[in-house]
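Student: Chains A and U supply the protein sequences, listed in that same order. For the first sequence, position 178 matches number 172 in the working numbering, and the numbering has no gaps at all. For the second sequence, position 22 matches number 16 in the working numbering, and the numbering has no gaps at all.
Don't read these hints as lab results, they were simulated from the structure. A couple of the hints might just be wrong.
Which copy? The list can't say, so a pair holds if one copy fits it or any two copies do.
[As the list claims (entries may be wrong)] Pairs of lysine to aspartate or glutamate, DMTMM-like flavour, derived with a Cα cap of 25 Å:
| # | residue 1 | residue 2 |
| --- | --- | --- |
| 1 | LYS70 | ASP252 |
| 2 | LYS366 | GLU218 |
| 3 | LYS366 | ASP30 |
| 4 | LYS366 | GLU300 |
| 5 | LYS366 | GLU3 |
| 6 | LYS366 | ASP320 |
| 7 | LYS70 | GLU3 |
| 8 | LYS245 | GLU300 |
| 9 | LYS366 | GLU242 |
| 10 | LYS366 | ASP227 |
Protein chains: 2
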Amino acid sequence: MNDLHVDGERLWRALHQLAEIGATEAGGVARVALTDLDKLGRDQFVEWVTEVGCSVHIDQMGNLFARREGAEADRKPVVIGSHLDTQPTGGKFDGSYGVMVGLEVLRVLHEADHRTLAPIEVVSWTNEEGARFPPAMLGSGVFGGAFSLESGLGAVDPDGTTLGDELLRIGYSGPQLCGGRPVGYYIEPHIEQGPILEASEHPIGVVTGVQGIRWYDVSINGTEAHAGTTPMDRRTDAMLSAAELVMEINKIATRRADGRSTVGVFNSTPGSRNTVAGSVNLSVDLRHPDAEELLHMSNELLVVAENLSPAASVEEIWYSPPITFDERIVARIRESASAAGHQPVDIVSGAGHDAVYLSAVAPTGMLFIPCKDGLSHNEAESISQAHSAAGAEVTLQTVLLLADENTVVAH
Amino acid sequence: MNDLHVDGERLWRALHQLAEIGATEAGGVARVALTDLDKLGRDQFVEWVTEVGCSVHIDQMGNLFARREGAEADRKPVVIGSHLDTQPTGGKFDGSYGVMVGLEVLRVLHEADHRTLAPIEVVSWTNEEGARFPPAMLGSGVFGGAFSLESGLGAVDPDGTTLGDELLRIGYSGPQLCGGRPVGYYIEPHIEQGPILEASEHPIGVVTGVQGIRWYDVSINGTEAHAGTTPMDRRTDAMLSAAELVMEINKIATRRADGRSTVGVFNSTPGSRNTVAGSVNLSVDLRHPDAEELLHMSNELLVVAENLSPAASVEEIWYSPPITFDERIVARIRESASAAGHQPVDIVSGAGHDAVYLSAVAPTGMLFIPCKDGLSHNEAESISQAHSAAGAEVTLQTVLLLADENTVVAH
């Protein structure tokens, strides 16, 4: 243990000062990736990290690194990160929390003039939300090798503008190769964006991994028919078949402890009050922390779809395998939480994060703090100052353990 | 019996000549109410009935009557009718069949110089489809007293144009009071628009009545939540509740011999693949030939809606009570069908027709002929020439029975 601690008040002020950039009337933040406001948010971050003696490094995808040198030149940095961009009607904490916790760690080290063995870096990944430039997590995705640089820079917004052009426009297209930068460990503090920690009444969630996700487009074709003149036994009703599918999909998740299933999109044609529906298109989102179990869920979906009348045609459009975070980092976060007097709660992340792509290139971990009512991607997103400080303190202590560990483990 | 018979070839030619007005590339007809094409269809009808010595009478709603005088001045006319307007992508026969059968009856009588005791009239009701000016059956509805003349003339299309202005524009705003015109009997030949007769392999359906209809708007409010981070047991999923409702609504009809239930409209928000649905709005259409049974169905809907989680809020927006057609006319149609060598099939109309509103002011009946695959409101709508002729022949003989009956029954 050491005598370094975060300043919860200072962190809280930084979070709220940052939230003024793109503040919405409803109390949220609209700082969408690669807009003028995103540039202002980045500028503010650069100003703050420069004040505490960090160098700033920007890669080809605009990923923005602040670096505080360590004592031993051959150690790879411990990297704390998340993202500064928000949803169009986002909150103050999704993404910003992780970057501001990183800033607070830098401030603590600077103030105490504490030199860690390994360098410390804080990163803000470009376009995590993907709200303007789908898909999400593009900056970390290119960094982690999931996407090519070309596809990342070529991502287009609804107006046809490319991400690469917007990076140049706001002055954050950097010279560094995206992905070439060494990472010793990666740790991402984040708000949970779900209701589990709040219900547990413990402030620190130790994220053991991220659920696997499978996405499907489903279409059901029946026969349009007159609602008045067509007897029930002569119908081929796409609406009825779709309703049964929605209920069966729900059961696929509820008969498992850790499964999740959602039908979020449901469109029917012709959408006429007195016409039996001719077709329904719907989306399916299946999630599970275990890859094999997720595959079972997928198979159950296919069987249910085939046995409907009329049958449903199912196309898988995306698969994101489950991630298990690095055991050492998970253990260090758990130790740091216990040492700070918190009972750590193991939790699997339901949402994707930049840490997913980082886990492909470095030992990676995450910690969560509670958010009010599990609400996120919403202007009403809210956390408590005490939880905010607790998450930062656990991050600081974990980073110190990793940066000063006696033996550097070869990766 | 008499020696008068319809000319099936001539009727077939008239149907197809009329269908050229507004003919679509796909073989259907687009002759929407009070368009220039509707005017041309009316003009054609006026030309044809004038050729066979009829006078033409137009009322304030544009309902268009062709009158052939009878031998006895004090008899009220036997009226044959339907409508010349079509759906925007309609077929050749919905509505037009009844009016062209009426024309064929007039042609037979004219050719044979046969004078019936009662006058014979053929009417085309304005805006039966309601496709441009909702609600449907406005012309007959004002005539039958279901709607005020003001509401009929004030009906607006999506551009804000009123029905009254369009009647003036196409020259079919008549001087006669709408509803003041005497009707001795009303008979409406129509295509079934459903699959029952085709399956029975008999060409003549004797319509004993029209189902009652109840329409509802249903809304379900859940809570938007992240599909990844929200455990199944912490969701209030409007989509799931709506799916259960759709299935239960289906059962309300299928556990009865003659019930029908349809959910044709289903809209959910926010319509995002990875968000649990916050709300669903859907429509319900319940039908039954028996008013009491239809009320039971309605009550079952309310109970199911209340017991859902989240519950559904149900608002009834329309009730059209079941209609039982006049026993004498039903008997005459049955006799005429048998005399022509057909086995008449009793059938309840699933769809609304002008005859519903006429039944409030005069003894009314309908007869159906089969249509291919039960298809209607569709450019592919199709009937056979033989069935077309059979329905016309039964109409002619029924009209002669009613027009020449020895005792005029007081209404």
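Student: Run every hint past the structure and note whether it holds.
Tutor: Checked hints:
{"no.": "1", "hint": "LYS70 - ASP252", "verdict": "neither (36 Å within a copy, 76 Å between copies)"}
{"no.": "2", "hint": "LYS366 - GLU218", "verdict": "between (45 Å within a copy, 14 Å between copies)"}
{"no.": "3", "hint": "LYS366 - ASP30", "verdict": "neither (29 Å within a copy, 61 Å between copies)"}
{"no.": "4", "hint": "LYS366 - GLU300", "verdict": "neither (41 Å within a copy, 29 Å between copies)"}
{"no.": "5", "hint": "LYS366 - GLU3", "verdict": "within (19 Å within a copy, 77 Å between copies)"}
{"no.": "6", "hint": "LYS366 - ASP320", "verdict": "neither (28 Å within a copy, 66 Å between copies)"}
{"no.": "7", "hint": "LYS70 - GLU3", "verdict": "neither (31 Å within a copy, 93 Å between copies)"}
{"no.": "8", "hint": "LYS245 - GLU300", "verdict": "both (16 Å within a copy, 22 Å between copies)"}
{"no.": "9", "hint": "LYS366 - GLU242", "verdict": "neither (31 Å within a copy, 36 Å between copies)"}
{"no.": "10", "hint": "LYS366 - ASP227", "verdict": "between (49 Å within a copy, 17 Å between copies)"}
In summary, the numbered hints that this structure violates are 1, 3, 4, 6, 7, 9.
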